[in-house]
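*Asks:* As given, the protein sequences belong to chains A and B, one line each in that order.
Position 52 (the first sequence) corresponds to 52 in the numbering used here; numbering is contiguous.
Numbers given in the numbering used here equal positions in the second sequence, counted from 1, plus 1000.
The reader is advised that the hints may include incorrect statements.
For lysine to aspartate or glutamate, the following DMTMM-like pairs were computed, each having C-alpha atoms within a straight-line distance of at most 20 Å [said to hold, decoys possible]:
#: 1; chain 1: B; residue 1: Lys1111; chain 2: A; residue 2: Asp149
#: 2; chain 1: B; residue 1: Lys1043; chain 2: A; residue 2: Asp149
#: 3; chain 1: A; residue 1: Lys79; chain 2: A; residue 2: Asp149
#: 4; chain 1: A; residue 1: Lys79; chain 2: A; residue 2: Asp91
#: 5; chain 1: A; residue 1: Lys79; chain 2: A; residue 2: Glu37
#: 6; chain 1: B; residue 1: Lys1043; chain 2: B; residue 2: Asp1074
#: 7; chain 1: B; residue 1: Lys1111; chain 2: B; residue 2: Asp1038
#: 8; chain 1: B; residue 1: Lys1111; chain 2: A; residue 2: Glu37
#: 9; chain 1: A; residue 1: Lys79; chain 2: A; residue 2: Asp130
Just so you know, the hints here were simulated from the structure itself, not pulled from any lab data.
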Amino acid sequence: MKVLLRSVVVIAVSLVASMSATAAPPALPGDSVYQVEASVVDQEGRAYAWQALRGRPQVVSMFYAHCHLMCPLIIASGKSLQNSLDPHQRDGLGFVSISLDPARDTPAALLDVAQVHRLDDHWRLLRPRDADVRTLAAALGIRYRAQPDGTFNHTSVLILLDRDGRIVARSEVTDLTPDPRFTATVREYLTGASASGSD
Amino acid sequence: MLAASIFAIVLLAGTSPAASDGFVAIAGGPFQSTVRYDGDDGKRSVAAFAIASHAVTVREFDGFVRTHPQWARDRVPSLLADSGYLANWPSADADAPVTHVSWFAADAYCKSFDARLPDWAEWEYVAAADATRTDARSDVAWRGRTFQDGTPRAMDARSGANANFHGVSGMHGATWEWVGDYATLMGDADKRGAENGDRLQFCGATGLSFANRDDYATLKRVALLSAMEPRSTLGNLGFRCARSTP
Chain A
1 MKVLLRSVVV
11 IAVSLVASMS
21 ATAAPPALPG
31 DSVYQVEASV
41 VDQEGRAYAW
51 QALRGRPQVV
61 SMFYAHCHLM
71 CPLIIASGKS
81 LQNSLDPHQR
91 DGLGFVSISL
101 DPARDTPAAL
111 LDVAQVHRLD
121 DHWRLLRPRD
131 ADVRTLAAAL
141 GIRYRAQPDG
151 TFNHTSVLIL
161 LDRDGRIVAR
171 SEVTDLTPDP
181 RFTATVREYL
191 TGASASGSD
Chain B
1001 MLAASIFAIV
1011 LLAGTSPAAS
1021 DGFVAIAGGP
1031 FQSTVRYDGD
1041 DGKRSVAAFA
1051 IASHAVTVRE
1061 FDGFVRTHPQ
1071 WARDRVPSLL
1081 ADSGYLANWP
1091 SADADAPVTH
1101 VSWFAADAYC
1111 KSFDARLPDW
1121 AEWEYVAAAD
1131 ATRTDARSDV
1141 AWRGRTFQDG
1151 TPRAMDARSG
1161 ANANFHGVSG
1171 MHGATWEWVG
1181 DYATLMGDAD
1191 KRGAENGDRL
1201 QFCGATGLSF
1211 ANRDDYATLK
1221 RVALLSAMEP
1231 RSTLGNLGFR
1241 CARSTP
């Protein structure tokens, strides 16, 4: 019964969603990371579906706010990448950092990170639902493990997604600045994406 | 075709055991895991939780696919399952544990019942029990029998096999089972990302090792899971769900 009720709700929600769109969006590619369902809240406290990020290219990573070594590196590396772009490219690229630690990374804690690192409004720091952290990590090929002391071991990467959520490139973060090859790939991709029209 | 119709009728007529029921409370406690992370001592504290008494069956998974058609074999996106997904349907035995399911599918199934996949430590904790002991692993004869896990000769594969001390069945059956944190079960030598030139390593981690090299059955299980991608499917890999105790 509960299941039936749930599916009715799901159908109702998706009907509303599809009606509110003026035109049906093209089908999501099968290998899009937006194929997984997940709910997130950003640093401003706005709640939305993970799939709502579809529509423009994004550089995605996973981190946690209480991390003192690698995570500031991940954010610094993303910022450095952003600063290396020309203004037009910068406007077309979003940055998404997803928390591995939703228990502690409240929107307020994430807003604090955004302010400390002076992140502009292209950045979204996301707190997933507890149950969705693993699902998002699996979709992104990011591995992590909670340690007994409250820290996390995790893969430190920046991942470039196209506007439909397909992985274009990924780069391991080892420094305050990203791998120059990754930066070059992002630039090339953004130039190609804007040249290929504005759909 | 006939087989397919009969299968469908059996599925419709079968009394579908609600997957939201059938969970067994596990008190938890200190536990010596066979798996060590980052050179730790393998000592874990397993918090109280609940685990399904049986692996999810073909019939139960079919019910999920009917209410969540995006998980049908011909609709599932390539991110979420490989081409082997549900490849054995519709000839599968409806009462058998479902196999040919990806981690993503198992994850979505459990979430649909407000449950989750068990963690490895939880799974290992429950699997350490035999019918009369919470931890039978020091019994060499019992441990020897676990070497058949994942094969038709597994001790819990025969019909009428006893539930274990916790009232949980099939932990040492003919099918392996996904765990929620299976992606942590990987050592340094992992090269899954090699084709992309990525090393996919943890920061600061030195990988995992085994507390007890005699625990061959566990080693085999971990080796198998660690070779999987979350979209991978296997003919003898299924799952069961668990729930945290509030």
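*Asks:* Does each hint fit the structure? Answer for all of them.
*Replies:* Verification of the hints:
1. Only pairs whose Cα atoms come within 20 Å are accepted, and Lys1111 (chain B) paired with Asp149 (chain A) is rejected, the gap being roughly 28 Å.
2. Of the supplied pair hints, the one linking Lys1043 (chain B) and Asp149 (chain A) holds, its CA atoms being roughly 14 Å apart against a limit of 20 Å.
3. For the proposed pair Lys79 (chain A) and Asp149 (chain A), the alpha carbon gap of about 29 Å is over 20 Å, so the pair is violated.
4. This hinted pair checks out: Lys79 (chain A) and Asp91 (chain A) have alpha carbons roughly 14 Å apart, not beyond 20 Å.
5. Distance check on the hinted pair: Lys79 (chain A) and Glu37 (chain A) sit about 28 Å apart at the alpha-carbon level, beyond 20 Å; violated.
6. Of the supplied pair hints, the one linking Lys1043 (chain B) and Asp1074 (chain B) is violated, its CA atoms being roughly 44 Å apart against a limit of 20 Å.
7. Restraint check: the Cα-Cα separation between Lys1111 (chain B) and Asp1038 (chain B) comes to about 30 Å, which exceeds 20 Å; the hinted pair is violated.
8. Between Lys1111 (chain B) and Glu37 (chain A) the alpha-carbon distance is near 11 Å, which keeps this suggested pair within the 20 Å criterion.
9. At roughly 27 Å between alpha-carbon atoms, Lys79 (chain A) and Asp130 (chain A) are farther apart than 20 Å, so this suggested pair is violated.
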